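Trainee: One letter stands for each residue in the lines below.
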Amino acid sequence: MSETSMAVALNTALRDAMRADERTLVFGEDVGRLGGVFRITDGLTAEFGEERCFDTPLAESAILGTAVGMAVYGYRPVVEMQFDAFAYPAFEQLVSHVAKLRNRTRGVLGLPLTIRIPYGGGIGAVEHHSDSSEVYYMATPGLTVVTPANAADAYALLRRSIDSPDPVVFLEPKRLYWQKERVAFPVDTGPLGTAAVRRRGRDATLVAYGPSVGTALAAADAAAERGWDLEVVDLRSLMPLDDETVCASVRRTGRAVVVHEAHGFAGPGAEIAARITERCFYHLEAPVRRVTGFDVPYPAPLLEEHYLPDVGRVLDAVASLEWERVPA
Amino acid sequence: MSETSMAVALNTALRDAMRADERTLVFGEDVGRLGGVFRITDGLTAEFGEERCFDTPLAESAILGTAVGMAVYGYRPVVEMQFDAFAYPAFEQLVSHVAKLRNRTRGVLGLPLTIRIPYGGGIGAVEHHSDSSEVYYMATPGLTVVTPANAADAYALLRRSIDSPDPVVFLEPKRLYWQKERVAFPVDTGPLGTAAVRRRGRDATLVAYGPSVGTALAAADAAAERGWDLEVVDLRSLMPLDDETVCASVRRTGRAVVVHEAHGFAGPGAEIAARITERCFYHLEAPVRRVTGFDVPYPAPLLEEHYLPDVGRVLDAVASLEWERVPA
Amino acid sequence: MSVLSGYEVRDATPARPALPTELRRRLHRAMVVGRAFNRQATAFSRQGRLAVYPSSRGQEACQVGSVLAVRPTDWLFPTYRESVALLTRGIDPVEVLSLFRGDRHCGYNPRAEHTAPQCTPLATQCLHAAGLADAARMAGDPVVALAYIGDGATSEGDFHEALNYAAVRRAPVVFLVQNNQYAISVPLAKQTAARTLADKAAGYGMPGVRVDGNDVLEVYHAVREAADRARSGGGPTLVEAVTYRLEAHTNADDDSRYRPEGEAEDWADRDPVVRLEERLLAEGVLDTEAVAEVEAAATAFAAELSARFDESPRRDPMELFQHVYHQLPPHLREQAARLAAELAAAHEEE
Amino acid sequence: MSVLSGYEVRDATPARPALPTELRRRLHRAMVVGRAFNRQATAFSRQGRLAVYPSSRGQEACQVGSVLAVRPTDWLFPTYRESVALLTRGIDPVEVLSLFRGDRHCGYNPRAEHTAPQCTPLATQCLHAAGLADAARMAGDPVVALAYIGDGATSEGDFHEALNYAAVRRAPVVFLVQNNQYAISVPLAKQTAARTLADKAAGYGMPGVRVDGNDVLEVYHAVREAADRARSGGGPTLVEAVTYRLEAHTNADDDSRYRPEGEAEDWADRDPVVRLEERLLAEGVLDTEAVAEVEAAATAFAAELSARFDESPRRDPMELFQHVYHQLPPHLREQAARLAAELAAAHEEE
Ligand SMILES: Cc1ncc(C[n+]2csc(CCOP(=O)(O)OP(=O)(O)O)c2C)c(N)n1
Ligand SMILES: Cc1ncc(C[n+]2csc(CCOP(=O)(O)OP(=O)(O)O)c2C)c(N)n1
Ligand SMILES: [Mg+2]
Ligand SMILES: [Mg+2]
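Protein chains in written order, with the UniProt record's numbering: chain A, 1 to 328; chain B, 1 to 328; chain C, 1 to 350; chain D, 1 to 350.
Treat the hints as calculated values from the structure; they're not laboratory data. Owing to the predicted nature of the structure, the values given are computational and were not obtained by experimental measurement. Think of the CB as a built atom: it goes at the ideal place given N, C-alpha and C, for glycine as much as any other residue. Check the hints yourself; a few may be wrong.
[To be verified] Non-contacting residues of chain C with respect to chain A, defined by C-beta distances greater than 12 Å in every case (computed):
#: 1; residue: 17
#: 2; residue: 72
#: 3; residue: 92
#: 4; residue: 195
#: 5; residue: 234
#: 6; residue: 251
#: 7; residue: 252
#: 8; residue: 255
#: 9; residue: 274
#: 10; residue: 291
#: 11; residue: 299
#: 12; residue: 345
#: 13; residue: 350
[Unchecked claim] Which stretches of chain D does chain C cover? Using the computed rule of at least three CB atoms under 8 Å from a CB of chain C, they are:
#: 14; region: 149-157
#: 15; region: 201-210
Start from the sequences, fold in the hints, and give me the full structure.
Mentor: Spelled out as structure tokens, the structure:
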């Protein structure tokens, strides 16, 4: 088990998937010789040749639209959108075709297609390079949406996504790419659609995913000092949501805070909070709280620390969970 | 006060706005000589000339992207996207520019721009012509999102949208276009961002908008027969949401059901339910329920009646609101 | 014939070897049957038996000529306008109309027919065609993709991206623009300032060919040549077929609002079915008896279709939840159970 | 000179009257200052004083020549690469770098400078340019829009839609493609199969002009002619300026991964600043003293910029909520209050 990072895990997963199935293709902007602007596809062209890992013309709708045609023909495309905001030109292909083709053809043209999107902020990038766009994908039936928070999940979820007969939007938290971890590959962490409890606790549940899992864990550490024993659930899959794991936790703790970096208004946390409330209402001591990015365009780097949810905000939300109402 | 329809109301609003301010331009696909496929722009080219109401080349990103340039130059464009799903090609322009330009330029380039989108189902149309895509817009800070449920609001909200210094996504419920009503124009129904109570009731609040307001009212009628006195709130504005009106109602009734035709998962109802819960938790006798379209691609007309929320489903949700818990 | 940056734009008919008699008869029959289909489907739409029908009357030569110019194993990427193309491919006419009837999003099996679903979001299918063709090229298969698109839809970004992608990757695609002069109400002059739509090929470094779209033999030759070139590694071609939609955009459209007077009549004089028939009669490929036989067959075809349309389709509402994913995720399982319960309750009430 | 469907594609320099001496000196000075700016900004990026810098070293002729060819009241629509163009327009260099410093999305006042914000989503700015130009045309104002775009971004759908829209509506736009041979790592050959990027003009029915982008006089002439034509109602033009980016895509890029050996050196021999200087010296427009004076001015300019960069910007975090809407909607008022409370608490702790 050697020191690795999420970037290496993703690169390894792509390589292993291409070795395992020669129908697997990787393409997008700069993914070939350059190895991608984040080097996630590094070395793939060298190992598998230009026919299996190649640079396309610079056009995201084309990348996704041609991937549909390739998947129909029998390949298993894994495409890269260079940054979150640069997936938007492909939105029509995504919503009107990728998400719907299996349904429209009554199962005949399913699309084993993986769309990798580096997402989120915290890396000091200029505008349009830090969007947390996951809710657009969650809100589109036909898509599966997953996002890892550590290197093992990065590897395992990407392998599972590529193996899925359905289109998967695979969201890569940019700011975790280079975080060091110890993992041995290959690794499997369970089927798509399952959440993981990252920390056990009795008093309240923090629900997070991707880049915010670390924030939630840090908040749980800080909360322990104040006497709150917090559970942390890493969703891993945003569509479907693992209601079972989340609700089992909330029923035990009676309190929940959803933490994410995406905008709050009509953001992922709205669905998560609404589901928890529908399912656990009579176990809740307080309303589910949301700690999210503010509902403003992602700011320039100078102010991003004030935009991003942090431990302090999570603790404030935890503090608001009506502790005085509980018998001690 | 003569008999009219939402289509006529919208047409009248456009005409009046063009008369009131010569900077107002109307353009899009087939909006000129044809008057739009729904005839909402009927007669505008005849009255105002081809320079003020014109057909563009067939390209939605171009329609919205050029509207940005025109608004920057000082015009007030009102563009039409022919159908809900055909706004998707303009998604990048919408999210990365329209929603953000005021913020990116620190207030210098605000965009007085109205984007009209006929949306929703129930008209027996082929695929891609019945999407309820409102949550994509709600989830994008910088946009205002409104939708009328009757002819008076259609007129008044459209005039207010065109007058707004901010970009407004104006969603027109297709299936209400030809519903007959009595209204005298001009009419004003209050500022953008305010909801309207359509029916007073004591026992539970139905929250609806656009095409579902009629369903909610019909459900309230049916519920009356079962002894439930339901209040119906027509949101009119989806972003911002009028928390005050909604919560005042829910605090009185103690129960709420959100009704909409859009998908449920990460749909508009998630935000509405989450906000109500955050603000009215200790007044709620039961969790906020959602009655929505199923989380599947909009079906072919043959099955759409099974997809769309109807009175029966609303009543089922109302019935689940833990009535036995209340003292009679 | 004019030259466009080294590529041929054919404005007039060059001399070509005549097609085999059998093929010419086949083209004729398909045109006549296609015309009968258009007539019958339009009638259905008037009778309310179809929710909507986008007729291709006047464009049958484009559709018949192109489909018969490619192999059954080549993939078609049609729009909503291509009913006659699909019929010519051999797809059951009831299945062709399934979309317009409001029955199913796609009435036929796309894999079995090598035909993508009829595509409504304009120009998007061009990318699917480019991708599938590129895949076939990579796999070393002799498969060509034939992508249909209208004049209006050439203004969409996806058209551009598809042509560029296909040209760069030498994907075996034939892009066939049926320039029927209108995008709903918008005439070509408001759609482009280019001399011709075929001129657009230059920007992608591919051959651009312009043919008389009301001459089925012309269309056949152009598509055949383009498909042959694509199959042998020569990359994509843009074919512009100049034609005219003789009916309104769909039955819901009112074309009197936008057509100049007399225009449709002028084009009716160049009716592709009539032209072909006259020519084949003159050339002795057909005689009046043969023509009568084909007419009778077309009439019988329409009558049979009409009879089959008497049965209204019925679908199990539970189909809503099928094929959204390869298996139902938990929240859809819940929703499906809810619908099933509703249906059971309704059934009990009956 | 070659002919493209009736339009001129200039591959060689035609004879033209020489530009006034004063203008040639001005072009020279702007090029030298632009070069100094590129050098200084790259240094900032190495020092960590800029988050990122996309250098245009090697492309100064394109940027200087084009900006000086239009009027200050004409609008520029730059990408991230156009720092030297903005500087040449007269925008404060600190404001030009605001975006790359991580300070503000747009450091300058776009309305005062008639310059849109530096645009990152590729090709999208072409539509803004087309719309603004069309608006100016409708208003009867003599205003032209100059839209910058890279070779790679011509593959995007928005490029196509913008050119088509502008041509159909005869909007006064000059589309200037700086063909610097690469889109990050992807060379032109993988971007298009067209003979030239100027060939794309044919598909829109607009003139396509190809010039040596390392010759500032060529660029000036081409853009000036195109702008004059646009202003007088002649519609848009596509200008391809063939050039080379001498540095990596940005300081974060590693161009050794994708450049063939020797290529950059070959292009460095055609350095646009050196070429202009040699030419103007040979023509007697400049003498060595004048050159030295300009060099000194550029050095002073860079030093001053560096000094001004010592001060780090500080912004009030409450700016987050400004200008999202013309007035704060209720939910943002709540969020702003929350942030204000946090800041006040943090302040107390201090
Ligand atoms: C992306 C998109 N935008 C708009 C529409 C609505 N629409 C349907 S057909 C049509 C006109 C298409 O014209 P053309 O491409 O010339 O094809 P034709 O109908 O003439 O065959 C329009 C605007 C659509 N289907 N898709
Ligand atoms: C829509 C979009 N997709 C992808 C990117 C990421 N990206 C930034 S610059 C670039 C290459 C652009 O190349 P080119 O157009 O040739 O301009 P150059 O950088 O050479 O000036 C890419 C892919 C982007 N900014 N926008
Ligand atoms: Mg047409
Ligand atoms: Mg470039």
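Trainee: Now, for every hint given, state plainly whether the structure supports it.
Mentor: Outcome of the hint check:
1. For residue 17(C), the condition that its CB be more than 12 Å from all CB atoms of chain A holds, with the nearest at approximately 34 Å.
2. Once the 12 Å rule is applied to beta carbons, residue 72(C) is consistent with being away from chain A; the minimum gap is 16 Å.
3. Consistency note on residue 92(C): stated as away from chain A, and its beta-carbon is indeed over 12 Å from all of that chain's, at 15 Å minimum.
4. The beta carbon of residue 195(C) sits about 25 Å from the closest Cβ of chain A, which is more than 12 Å, so the claim that it is off the interface holds.
5. At the 12 Å boundary, the C-beta of residue 234(C) stays outside the reach of chain A, the nearest C-beta of that chain being 19 Å off.
6. Even its closest Cβ contact with chain A, about 23 Å, leaves residue 251(C) beyond 12 Å, as expected for a residue assigned away from the interface.
7. A cut-off of 12 Å between C-beta atoms confirms that residue 252(C) is not in contact with chain A; the least separation is 21 Å.
8. Listed as a non-interface residue, residue 255(C) keeps its Cβ farther than 12 Å from every Cβ of chain A; the least gap is roughly 27 Å.
9. The Cβ of residue 274(C) sits about 37 Å from the closest Cβ of chain A, beyond the 12 Å cut-off, so the non-interface label holds.
10. Look at residue 291(C): its CB is around 39 Å from the nearest CB on chain A, clear of 12 Å, so calling it non-interface holds up.
11. Every Cβ of chain A is farther than 12 Å from the Cβ of residue 299(C); the closest lies at roughly 33 Å, confirming the non-interface assignment.
12. Distance check for residue 345(C) against chain A: the nearest CB is about 22 Å away, which clears 12 Å, and the non-interface claim stands.
13. Annotated as non-interface, residue 350(C) keeps its C-beta farther than 12 Å from every C-beta of chain A; the closest such distance is 28 Å.
14. As drawn, the region 149-157 of chain D meets chain C at 3 residues by the rule of a beta-carbon pair under 8 Å; at three or more, the given contact holds.
15. Coverage of the region 201-210 of chain D by chain C holds. Counting CB-CB distances below 8 Å, 6 residues qualify, and the rule asks for three or more.
The structure is consistent with each of the numbered hints, conforming to all of them.
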